[in-house]
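Asker: One letter stands for each residue in the lines below.
2 protein chains.
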Amino acid sequence: MKKNKALRAKSTEYRAEFLHSLHPCGKTAGYSAMENNFYFMNEAIKEARKGLGEGGIPIGSVLVKNGKIIGRGHNRRVQKKSAILHAEMDCLENAGRLKARDYKKCVIYSTLSPCDMCTGAILLYKIPKVIIGENKTFKGPEAYSKKRGIKIVNLDMRECRNIMSDFILKKPELWNEDIGV
Amino acid sequence: MKKNKALRAKSTEYRAEFLHSLHPCGKTAGYSAMENNFYFMNEAIKEARKGLGEGGIPIGSVLVKNGKIIGRGHNRRVQKKSAILHAEMDCLENAGRLKARDYKKCVIYSTLSPCDMCTGAILLYKIPKVIIGENKTFKGPEAYSKKRGIKIVNLDMRECRNIMSDFILKKPELWNEDIGV
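If you're matching them up, the sequences are chains A and B in order. Per the numbering used here, the very first residue in the first sequence carries number 1265; after that it's consecutive. Per the numbering used here, the very first residue in the second sequence carries number 1265; after that it's consecutive.
Since the hints were made in silico from the structure, they are not lab data. Since we're looking at a predicted model, the values are computed, not measured. Treat the hints with caution; some may be incorrect.
Derived DSS-like pairs: lysine-lysine, alpha-carbon spacing no greater than 25 Å straight-line [unchecked claim]:
1. A/LYS1390 / B/LYS1314
2. A/LYS1410 / A/LYS1314
3. A/LYS1435 / B/LYS1393
4. B/LYS1390 / A/LYS1329
5. A/LYS1345 / A/LYS1363
6. A/LYS1411 / B/LYS1310
7. A/LYS1434 / A/LYS1310
8. A/LYS1390 / A/LYS1434
9. B/LYS1310 / A/LYS1363
10. B/LYS1393 / B/LYS1344
11. B/LYS1369 / B/LYS1400
12. B/LYS1344 / A/LYS1363
13. B/LYS1411 / B/LYS1314
14. B/LYS1310 / B/LYS1411
15. B/LYS1314 / A/LYS1369
16. B/LYS1345 / A/LYS1329
17. A/LYS1363 / B/LYS1368
18. A/LYS1310 / A/LYS1393
19. B/LYS1368 / A/LYS1344
20. B/LYS1390 / B/LYS1369
21. B/LYS1411 / A/LYS1411
22. A/LYS1410 / A/LYS1393
23. A/LYS1411 / B/LYS1390
Using C-beta positions, here's what the derived DEER-type ranges look like [stated by the list, open to error]:
24. B/LYS1403 / A/GLY1413: 16 to 22 Å
25. B/LYS1368 / A/LYS1411: 24 to 30 Å
26. A/ARG1313 / B/LYS1434: 42 to 48 Å
Far from chain B, by Cβ distances over 12 Å, these chain A residues were calculated [to be verified]:
27. LYS1310
28. ARG1313
29. ASP1354
30. LEU1387
C-beta: ideal position from N, C-alpha, C; glycine also.
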């Protein structure tokens, strides 16, 4: 029983949940960078699920500065009849107007590889690091981001893939609209 | 006197105004593509001036489909305390949710060369043509856009340059914030 629990905790799929139980208060000191990545990605997943609950497209994002969440958001195409509120855009908008020196200290988390628009926003504000939940159901211009100096870490989480693949299967037209296809 | 008038009308700087007087109703049939470009850019300039009147950053944009304006907007960083409402973004948002087949029939006009974020939105929706007022006060990733198949036409209008250079001189900090510098 104990062994099973340890195995589950070690697997990528359950790591976020596991870390969240260890790391419930958002304090990042004493945790490894990867532990923090899973913690914050779990917050982005909460946003994705919130969006799904509202009848929207389940993609979530958080903006983290010096180990603290300063903005969070989710795709609101359906909810706000919006052409521009992808998760990362909603997150940046909710973080409010920041100075360039603030963005430079930020990491942005997204449950899905950022599209051209969201990548563009990240490039505009020179956010140095992007942590993504997965890029199998959709892959934005990651090579271009890297070429422009952005570090991308793909956590490749089954939970993120499942949320998206379930949604795409259920609402392909809405998904295509969201990515301009 | 007549000669002077004709000369003024011919010069780029006055062409927009001149064409607007000829072309006041927005009907594009019978006008050349370049005449229409100046007509619609003049509408984008109106948006930029509207933004300036509101205390905002004077950049304007219109989205045109089959010769008709279907969306218009201006930078609303100040007015809406927004990190994402650049002119082109506001314009796309005001145009509402469109299908990929609609964007493919569109031309977007902006008084200024689109930044990384706005270029990203144009790439996401595969808007095939971008007409810009100028790119001397700021130049976005035009080479990358072209590489991705977008046609860019720069009208290089003194009016657009003057609006921006006056503004940058008066409010350099606000301008730097807007472009992530």
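Asker: All the hints need checking, so say for each whether the structure fits it.
Answerer: Verification of the hints:
no. : hint                              : in the structure
1   : A/LYS1390 / B/LYS1314             : violated (29 Å)
2   : A/LYS1410 / A/LYS1314             : violated (30 Å)
3   : A/LYS1435 / B/LYS1393             : violated (30 Å)
4   : B/LYS1390 / A/LYS1329             : violated (33 Å)
5   : A/LYS1345 / A/LYS1363             : violated (29 Å)
6   : A/LYS1411 / B/LYS1310             : violated (37 Å)
7   : A/LYS1434 / A/LYS1310             : holds (20 Å)
8   : A/LYS1390 / A/LYS1434             : violated (35 Å)
9   : B/LYS1310 / A/LYS1363             : violated (28 Å)
10  : B/LYS1393 / B/LYS1344             : violated (28 Å)
11  : B/LYS1369 / B/LYS1400             : violated (28 Å)
12  : B/LYS1344 / A/LYS1363             : holds (16 Å)
13  : B/LYS1411 / B/LYS1314             : violated (33 Å)
14  : B/LYS1310 / B/LYS1411             : violated (31 Å)
15  : B/LYS1314 / A/LYS1369             : violated (34 Å)
16  : B/LYS1345 / A/LYS1329             : holds (20 Å)
17  : A/LYS1363 / B/LYS1368             : violated (35 Å)
18  : A/LYS1310 / A/LYS1393             : holds (21 Å)
19  : B/LYS1368 / A/LYS1344             : holds (23 Å)
20  : B/LYS1390 / B/LYS1369             : holds (10 Å)
21  : B/LYS1411 / A/LYS1411             : holds (15 Å)
22  : A/LYS1410 / A/LYS1393             : holds (10 Å)
23  : A/LYS1411 / B/LYS1390             : holds (22 Å)
24  : B/LYS1403 / A/GLY1413: 16 to 22 Å : holds (18 Å)
25  : B/LYS1368 / A/LYS1411: 24 to 30 Å : holds (27 Å)
26  : A/ARG1313 / B/LYS1434: 42 to 48 Å : holds (46 Å)
27  : LYS1310                           : holds (22 Å)
28  : ARG1313                           : holds (23 Å)
29  : ASP1354                           : violated (9 Å)
30  : LEU1387                           : violated (4 Å)
In this structure, the hints that do not hold are numbers 1, 2, 3, 4, 5, 6, 8, 9, 10, 11, 13, 14, 15, 17, 29 and 30, in rising order.
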